[in-house]
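J.: These are the residues of each chain, in order.
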Amino acid sequence: MEYTVGSIAPIFLSPVIAFVINAFFGRKLPRQGDWLATLSIFVSFIFSARIFGDFVFGQFATDYYIHKVFTWFDLSYGTQIYKIDMGIYIDNMAAIMLVMVSGVATLIHLFSTWYMDHDEKHGRFFVFLPLFTSAMLGLVLSDNLFSLFIFWEIMGFCSYSLIGIYNKKEKAGDASLKAFMTTRVGDVFLLLGIVALWTTLGSVNYVDIYAAIAEGKFLGQTVLGISFATFTALCIFLGAMGKSAQFPLQVWLPDAMMGPTPGSALIHAATMVTAGVWVSLRMYPLMVLGDITWFIAVIGAITAFGAATIAVVQTDIKAVLAYSTLSQLGYMIMGVGVGSYNAAFMHVITHAMFKACLFLSAGSIIHSVHEQEMPKLGGLRKFLPYTHFAMMCCTLAIAGIPFFSGFVSKDRILGDALYYGFMAGQNPLLAIVPILGFAGAGLTAFYMFRMMFMTFYGENRTHHDDHGHGHGHHDAKGHEAHGHDIHHEHLDVRQNVPLLILSVFTLGFWFCGTLTGQSFGKVFGAKTEWFKVLVEAPRVERFVNHPRQEFSKVDTKEAAHLEHAHYHHQTGYAGPNPDEHKLHSAHTIGAIASIIIAFAGVFLAFLMYIKGSVKPWASKFPGLTKVLQNKYYFDDFYIEVLIKKGLLGLNRGLAWFDMGIYDRFAVDGWAAVNRVLFKSAKWFDNVVVDAIGVDGTGVAVNLFNLVLRIVQSGKIQFYFIMLIMVLASYIWTVNI
Amino acid sequence: MIQQLFGFLSYYIPEIICVVLMTTLLVAESAVKDEHASRGKIIGYALGMLALCLFFLIQNMSEAPIYIFHNAITIDPFSTLIKIIMVLGTMGTIFLSYSSKDIYSNLKSEFAIMAVGVLTGGMLLASANNMLTLYLGIETLSILSYVMSSFKRDESTSTEAGLKYVLYGGLSAGVALYGISHLYGILGSIQFVEMVAKLPGLEGTNLVLVMISFILFFVGLGYKISVFPFHMWTPDVYQGAPIPVTAFFAIIPKMAGLAALVRVSFIFFTSNAALNVSWVGLMLVISAMTMTVGNVTAIGQTSVKRLLAFSSIGHVGLMILGIVTLNDEGVRAILFYGIVYMFMTLIAFYITSHLSDMYGTDSYDVFKGLIYKHPTMAIIMAAVLFSLAGMPPFSGFVAKFNIFAVIIEKKLYGIAIVAAINSVIALYYYVKLAKTIILGQADGEVKVAGFTPANQAVIIALFIPVLFLGIFWEKVMTISGNAVLFIK
Amino acid sequence: MNGILNWILWLPIIGAIAVLATPKAKDNAVRLVTLITTSITLILSIVLYLKFDTSTAAMQFVVKIPWIEQFHINYHLGIDGITMLMTFLNALLFFICTLSSWTVEKNVKAYFALLLMLQSSVFGVFFSLDFFLFYVYWEVMLLPMFFLIGIWGGENREYAAIKFFLYTFFGSIFMLVGIIALYYASGKGVDSFSILAHQGGKYVNETVSIFGHTFSFEHLFFWFMFLGFAIKVPVFPFHTWLPHAHVQAPTAVSVILAGVLLKMGTYGFLRIAFPIFPQAAVESSTIIAWLGLISVIYGAFCAMAQDDVKKLVAYSSVSHMGFVMLGLSAMTTQGMNGAVLQMFNHGTSTAMMFLLIGILYERSHHRWIVKPDGSKGYGGLSTKLPKYTVVFIIGMFASLGLPGLSGFISEALIFLGIYQKFTTITVIAVVGLLIGAAYLLWMFKRMFFGEVNPETEDYEDMNAREIFYMLPLCICVVVFGIFPSPLLNVMKASVGQLVDLMAKF
Amino acid sequence: MMSLASYLIISLILFVVGLMVMISRKNIVAILLGIELILNAAALNFVAYSRYVTNNLDGHIFSLFIIVIAAAEAAVGLAIVIRFFQIKETIHVDEATQLRN
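Residue numbers (the numbering used here), protein chains in the order written: chain R, 1 to 736; chain E, 737 to 1224; chain Z, 1225 to 1729; chain C, 1730 to 1830.
Since the hints were derived computationally from the structure, they do not count as laboratory data.
Check before you lean on any hint, since a few could be wrong.
With a straight-line Cα cutoff of 27 Å, these simulated DSSO-like cross-link-like pairs (lysine-lysine) come out [to be verified]: (1) Lys644(R) x Lys168(R); (2) Lys1600(Z) x Lys645(R); (3) Lys171(R) x Lys1600(Z); (4) Lys1608(Z) x Lys121(R); (5) Lys169(R) x Lys1600(Z); (6) Lys1250(Z) x Lys1183(E); (7) Lys1330(Z) x Lys1168(E); (8) Lys1333(Z) x Lys1168(E).
Generate coordinates for the entire structure from the input sequences, incorporating the hints supplied.
T.: Right, here's the structure in full:
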């Protein structure tokens, strides 16, 4: 396997080039250069597909990785050696991620060319989309946390711009600001963690960090009282929380739907939000070493369940999808926490596929119906058959119905969670993790099918002519062209072929050799279990004193010493070596349980929204509904209390102090002091000499007679007195 | 004997010229009838004579020190340089008096007469080598100054200024004289050289008495250079006197007094350690107080004339620091400062005089927006103010720098900090004036009239050294470095 | 080749004289002369960069002419890596400011003459290797600033001008005392006024006594110098002149002030305070770090509360210079390099911000985000002024340290520098980053998003001239964000030498 | 036979009285007289010292000069006082408080 700059760089660079060209000449190009963007992403898809092929259809080598380094800049002088390296690190995980990202991105670009047609922001949209994709690809490629952080932030910037792309809308501004700042909270901690690692190790290369963990370099070090590993792991995970919108930093993601739907599909569903999961997977050994996996698991569980509950009451189709995204991200993070490394990553991939598809379908609905309030939709399946088909597949997948990808990945997470919560002998309180997990699974099935039913089934409500209320939730499509008739959907390369392609990948067997996703009931044989085989938690001891490969034309062949595939069943690092038997049974139980729960959820939705035999519970629990509709009042709390009252109050106070008090008195005060001195001199003349002197004449008579006569007698003579007195004092002080 | 005396006289030409000039001016004053034609001639004559005097002085610069008239007078480069400064100052002020309307209108050359007289006294003081000549110098200086300060016969303020000056001067002179008398008694002579010879042997009561008498004696010089607390007459007299006179007072008596002070300090307070200590202490205290009082009081002034008066007090305070160290660098710094100070003060008063002639007052308001009324004047005035404040690249900075250098060499950081803070205070009021001149909005775009090209030429001519000495000050430093006085 | 520094230094003065010589009514001629002068200076400084030898930390292009023999004062010029960057920055910014001041109408001649004098004096500060010369230029620089702020400034200009003047003078007079003390401490030798000759901790063991108390020579005069430079930077608590000066100053002057003049303070630390008093510097680095931290946080907080855009940016530069101080206090390779890089980057990014605000001010004649009466000052600008918005976004994200733009690398290096020395401070300082993003983005949101404010209806977008002078800065910000090596290679030798020196104490 | 001490004491008394006169009397002429007293104290000192201590003529000469100077000073002083009287029609010293801060 020969890898040169030429074969890897294009993955990252071709979108960048597209970005540059579109940024400068976009307006002059035909169709404002959207084809260029799409093409560039496709190019990087080709290149990453090649790598993917090498890694997957090459030999099953879990431990194979490419690591190339070049010096970005160099501060060395004399004895001080300080280089800052950049490089690429591709292992199986990266290869899979690359092909997923570029593939999904290609389809989304393709779809966008249709969706954004005749949109005023068409051009700008296709400036930021390729930049964003390239950043994501760069993040996946990058071999160290520092460059990861760089791409991480660039993605933040892109999402900021895409969310706020409809700049006429005040809400768009709010949403973009919120998104950037909320993620920024995590980012600064991530930066802090990176800095801490860097200063201690002298590098933030994954391989160096793994090696350091293996050599136990971190042991015994502490920062601000807590163990170094915990500190850095926590910082990095906080970063992940920001990016992956985990509780309590989840507030930004729902608002991020202000952007155009394909943008949301790419950023807030498929790729960017998974960056957080990505970094926590990359740093998994550190998390384990820092012993914060329980924290991760809990956070994930809370997010998974909480988001699901909110999704239940949403009426905006995009909002439902947004919260389902949150909830699914929760599952991924939970998976990382409970140590089901492989499944968590698999869920990243599967989720990316079906969630992208879901968003695109939503986009296609909105674009053709100009309506995104579910109560105003319904019965669309005869108008939008392809969309309906794709969306149904994805819904089945996300709901965790067997034979679909969601089932495969999510249920393995749940199984591990079950094991982690009840059998791994952890703190009993951690039982909350699987409980919330399963509950969330049920809710997921419920609200997803609720969405399907309300949108595609029942009678069509789109021709009710009051489009008035709820316009706030629309994106730009909502505004123009109300009351169009829904044109019947045809098979269109740009509209629904992407959906269909994506929906193909919602089938489970692409990802694992078994129908159930469990270890039993293999039908396709071990060869197709590529995913389980390829992806495993990095075994850090392999990286001790690894060679440093300069980025050179010729590739050094690590291929020479490859260990061959060996099926790792145990899931990475979940505490002490897990008991095979218990784990196995846990998975079985989990699978069965979640199947039951999923079907229960679907059935409930069916009863409520198709048969209507059960009234929706919203009416039953108004209070709860209100709480949920207000997203547990998190946004209000953050904005009203923390920011407006707390932070701004503090700032106003400080600013007032700075100019009003400090500057006025402490600084300008000096001038005042001088003036006072001068005044006092004057006062001495006028008051002491004249007033006291003159007025005092009658008062004191005998003893001070002389003195007073002296003082009262006019100015010049007072000068004399001063002269004599000072002279006397001089003479007095003569000491020889 | 006689030809020896004449030999001496050959060194004494400048003073003689001054005396001759004074008398001839008196004659001319009484002889010439028609003022307006004659005035220019008379002034021109006076200036020409002074220029001649300057020429002879420059001749004397190179000479080694000479003691003439039985050691009554020293002619050494130090005194000569001081005299040069004084003569230049006198010339400047005389020209100013010529153009100024502040002095009563039908003046022909009284000012010149008096000024030259004071100058003579100053020269005497600068090169006095025994107590008698010193005393005579002070009195010559004073008595004529009294007259000058009350030049505006018809104005009560001027007369009052003169009165105060007389009384205060009389008292200080008397006190000083009383001190001198005791010095004479204890040290047995009025010749500096013989007096110094006695000093090392002194101890006990005599030493204390000597110190006390020196302090008394110091009053006489102190009030001439108007240091705290003997400065009190200064603002009143400066305010009361006509502007040319004020300018004159701000330069000549101060220079002369400083010269005498330097000479006395060097002669008497290098030999005896005890005396040295207490004298240096006295000087430190006095300079600190003088600076602070001068600058702080200057802040609140609204009359520019008073402002300059107080600021001159501040400057003297700074100059005295040059004496503290009792070394050649100190003297060099003082001399350099004196030269620069003379030019700066002349310009400042020149412009102030002209403006107050035009507007009838010298408050800040007449300076408001001067830049729009008369750019050249405004820019030069601002530059001079910054120079007075000690900003580079103007010579005021170099002067300040030298003083700082001297005191810091002696590691007197405390007084250095005091001086530093004082220069900030000084900057404050100078910049306030500069602000009024340049940033202030002129009320009405009336151009300043009647500022003849001649006047502009004079101002610019005076300004050139202010700027030039700030950048290429090596030569002048060398001159004043060579001019440090030789004891014995 | 050695003469080139002379040329760069004196060309603006020649230009100023030419400006004053041009006849009265010909404003455009004046502008043209200034433009030509500044562009020649810029070209010369680029030539300087190309000829610069990055391998050595020694002074280059040295010019040394005796000036005052008695005091061994020389006219001694030379540049090393740090001043190379500053020189380039200075030349660039003045070139840009000339273009941006094209619209100045109030007595043009004086304005441009003063501007050129200012440039020359700033060059002088960076070039001079002789203490006396340094001090002279340091002070001379105040005069044009005083008049530029005082005459062409806003409504409260005189107060601001005097405040700026007195503040700086107060600091520098103590610096003068320090300089003279050094002169005598080094024995009035041949090069006792040469800055370089004093470096290397020669005065570790000396003591001085003031009013009877004994101090360590190093510490006392380190703090004297500190006062002089810290006021210039400005470090909390000496920062309050900055908001006044910035708000009142005309656009070009604020650009220079923020872009170059603030850097003179930190440059003073790098060239004088640290190398000459290394022990005192090392021992008091904790205090400096804390002061820097306070400036970062305090500046950011104050900035967030501002309703005046320019004041906001002014406070933001207090915050950013705080980062520089943090980097300096670290005294490690990455920290120091980061600090110097931050000096340059802050120069470009803040210059962009001030220029943009100036451009907006020319259209709106006010700078209120929220007017005192509570109504919106702007709003929907991004719809109205697309080009302007793009440039604004670049400048804004550069100054809030977005990776890929210049601000990030320097800030990251600074963090890397200080972490190992002051962990706690680092942890607190990241809050500064957070708030730094917050106030800028909030300001952006309030000004650029939403419906178009009727007041802003008649604004026209940036014209060719404005785009032309914003372009170089945009290029700097982007290119040096991706390839910082051109800057780092130039300065690393000089910085490294300093770090080695500090490491000895 | 009088001793040096007695001369010195007398001159001291003269000096102090002169001071007292200067600072306490309101009449300007009287103040001028005070100055004369002080000068005379000094002159007396000179003569006494030259007679008892130094045995040279310096003191005598000095005192002669003092007398001359005193006369000149008095002349100028009185001239100014007359001017003052012509303007203010009084020679009360408190009238001279026009000039002040």
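J.: Indicate, hint by hint, whether the structure satisfies it.
T.: We went through each hint and held it up to the structure:
1. Of the pairs offered as hints, the one joining Lys644(R) and Lys168(R) holds, with about 24 Å between alpha carbons and a cut-off of 27 Å not exceeded.
2. Straight-line distance between C-alpha atoms of Lys1600(Z) and Lys645(R) comes to about 21 Å, which keeps the hinted pair within the 27 Å bound.
3. Our distance criterion of 27 Å between C-alpha atoms is met by Lys171(R) and Lys1600(Z), whose separation comes to about 16 Å.
4. Proposed proximity of Lys1608(Z) and Lys121(R) is supported: the alpha carbons are some 15 Å apart, at most 27 Å.
5. For the proposed pair Lys169(R) and Lys1600(Z), the alpha carbon gap of about 15 Å is at most 27 Å, so the pair holds.
6. Using a Cα cut-off of 27 Å, the hinted pair Lys1250(Z) and Lys1183(E) holds, with the two alpha carbons roughly 22 Å apart.
7. Restraint check for Lys1330(Z) and Lys1168(E): satisfied, since their Cα atoms lie roughly 23 Å apart, inside the 27 Å limit.
8. A distance of roughly 24 Å separates the Cα atoms of Lys1333(Z) and Lys1168(E); the hinted pair therefore holds under the 27 Å criterion.
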